[in-house]
Amino acid sequence: MNRQITHLFTLFVLMFVVLVGFSSWWSVIRADELEDNTANRRPLLEEQRIPRGIIFASDGRTRLAESVPVGEGGARRFVRAYPEGSLFAHAIGYSFVERGRSGLEKSRNDELVGRTDEFDTLIEEITGGVAKEGDDVRTTLDPEAQRTALAALAGRPGSIVALEPQTGRIRVMASLPDFDPNEVPDRFAELNRQDGSPIFNRATQARYPPGSTFKVVTAAAALDSGRFTPDSVLDGNTGKPISGVPLANFGNQDFGPTTLTDALTNSVNTVWAQVGEQLGKDTMFDYMERFGFNDEPPIDYPPEQLTASGEFAGNDLLGPGDDEVDVGRMAIGQDKLQVTPLQMAMVAGAVANDGKLMKPRLIERVVSRDGRVRDRVDPDQSAQVMKPESARALGAMMSRVVEEGSGTAAALAGTPVAGKTGTAEVQSGAANQPWFIAFAPIEDPQIAVAVTLEQRPADETGGQAAAPLAKQVIEQVLSGG
Amino acid sequence: MSARSRELLGLLPVSLLVTAGFTAVLITRSATVDTVTLTYGAFFLGCCLLGHLFIRARLPDADPYLFPLAALLAAFGLVMIYRIDEELAREQAQWFVVGLLLFCATVLFLRDHRVLERYRYLIAIGGIVLLVMPRVPGIGGQVNGAYLAVDIGPLAFQPAEFAKLAIIVFLASYLTDNREALLRGRLSPPPLRQSIPLFGAALALGAVLILVLDYAVWPSLLIAAFAGVLVGLVRERPSLKHFGPLLLVWGLAMVMLVFIRDLGSSLMFFGGFLALLYVATSRLSFIAFGTVIFLGGATFMGRTVGHVEERFDTWLDPFAPAVEASGYQIRQSLFAQADGGLFGEGFGQSLIQLPGCAKEDLADFPDKCSILPAPHTDFIYAVIVNEVGLFGAAGVVLVALLFAARGFKTAITASDGFSKLLATGLAAVFALQVFVIVGGVVKAIPLTGVTLPFISAGGSSLLANFVLLALLLSASDLARRDARRQPSGGLL
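Chains as they are written, first to last, in my numbering: chain A, 1 to 481; chain B, 482 to 973.
Bear in mind the hints are in silico, worked out from the structure with no lab data behind them. One or more of the hints may lead you astray.
Claimed, not checked - Sample of chain B residues facing chain A (criterion: CB under 8 Å; computed from the structure):
#, residue
1, Ala855
2, Val866
3, Val878
4, Val880
5, Leu883
Note that CB positions come from ideal geometry on N, CA and C, so glycine has one too.
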């Protein structure tokens, strides 16, 4: 019988080998596939068990998002709280198991839950030191300037974006109407249906006609291509045919022979339309793309909350080869142009920074709970849009706008400001979209701003309605630090 | 070194595991080492030490490894259960003490396990009564479609755990007496060449049947296997009486399937029976025949008893939409294992409780609020993989295999037929139980709810396995005493 017993035991050894084989199959070989399985709620639940990192404002003190524990023992979980409420609702976004994530909470989720790369994980797994809390994220956002911006908007739908031209740090990202992210778990459906789409981030997602602020792009192309100088003279009379159709100046004003500087100061449509036509579509699109048009901005923010700026036919971007493009009218910000406030702030920033467009960014660094800096985001150049001389010449032209032109409302005592107004007609002229883009101080630019308001009465222009808001934000940023 | 000193030494790793395990769980839980709960571990070790002293006194020649291996599994189980729920661990610790007492009582009152032979029919009837108890109205009840538990007043238990021992004792003694008769019936089989037409006829018949019935692959294979096995049996020319016990036990297993709807226990019994039959008669044809008729019967039952069929479908593909609800358990089990990986998340670190569970439900944990159903019983192996990873889990499987190995070793050493078969049966049924539940949890076989011996929470399982340990140890005490007296007898 002993031989049979040995056989029997051998069979059991084989059976147990099968058990270990299957265990390895699920726990190691196919583990990744199972972790990604949609029926697997573990990753989501696991994340609730660790405190997500804190999101700080640029001062390193103000908490924009933090995790608070709920429940006790093994059932304890962490939920997100936003101490500043709606202040940075759009930039920071929200993170709730029931509702998913948006904004920085989404784009920087890996860091916030303390997920590091594969190699680190393996080492930590072996040494047993798997991270059980998320890393903190320090943003570039300035709470005081943001408050000023929101107060300046005074409840009117619109958006203000302010960034540092030399670093790309976004200081202000205001969008109204806004929402309190703390209410997202309970009122999500309501917020989504609500008039004015409060969850929609106008700074990065809204596409508005830019109006005359776009003339800055046209001017950059004109000067940098070498085809024009600030003193080039063109016919500034109203009614000039552009693409075969007469184009009117604001208030049907005739300016006669006008230099480009004067044409920018007084926002003469006919002059800039002629410049656009003479430069041609290829040159115009070339410079637009250098400024970042026709592509989503290079910012760490969820792609579905970003949109490109450019000439649109429906939801499709047009290029220089498309016949629908009326380059003359595009050059003055009309035609099919649709832009985001963020894009226009980038335009002002590039002019301010000697023609260098910096990548806009929302975060400064990622720091682990024990104080180690995990990731530092350094200023990164996105493009050299134009030669520094062109940028300085353009800046000088823009300073005239604030000194004596359409943008005097943005003038600051003692600090030279460069800017450009814009007033786009919407709803066939029934309403206006006032704009103002600016940077200051001219000699050593610290801040670039884009301001726009939605659906204003037809008598409100960019110079009256938007320029004072830019002034308040610039003043706050310059005084605050 | 004497056997008992080796046993004492074997308890060292157990003490290490208990101390390290409890400490790890405590540290994760409260970031402090609570001395009150550490006495827990010390108490457990004290019990083991007393058990050891008892064995030293009553079974001085018994196998030195069986007890430490069982203690190791129990210690691991206790740490895992403690990690899942403190209250459950307290209960389990109480059951452990009761189990040890039952162990001592078994050894004391039995004196010689061979007396069991005398009461084999009584034991067999007792086993069957135990099995059908869950179907008796008033004391039994249905859980998840199966009849597993009995509830008499304050006493609730799973009779199948004890019935398993009774059936093995009966089969071992029955086969001890009848194996000669079974073997004698064997005539010398005709040369293989003469049977070729027979095999051919069977194959042709099978093929025709398959074509005529237009069967699917699985029944076709079964029919073919059945035909082949039948031919093999005919070649052996056994008499009808050989089939008597085989068919009887098969019938019993099928009745169990229908009656208590417990595929796991049924598989264990029949597997244990086949193992014993093989060891007693060394007829592979019997085993093949038995396996095929069991699979055939189980498939048939699977198609007719909804509960079993669902289990089967979830086993084939737990991610299929059709088994959305019934596949939840096994899916969660696989997810938990994937979470564990190679080294696991560490004692006390895996996700067990659903975060944000309502307070009133939390009182019923782990029956409610648990992401993985039955984490302390059926699915404890998944929790083990989750917490200590593939390495730790493979270690547990290895310890279980070593336990079975010592059981088989006892069988080999034993000098009398009954002891041999008893030890074989007990070791086989232990290993089968591990295979059935772990195999179910890792989706190697359809999931059936049996406990993981010595590890799963639950008094019945622990007590029954302590009796199993007592029987194995007394068999091994006798065997090794005999072997010592007659050194020429050899070990193998």
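message: Taking the earlier hints as the rules, which of them does this structure contradict?
response: 1, 4 and 5
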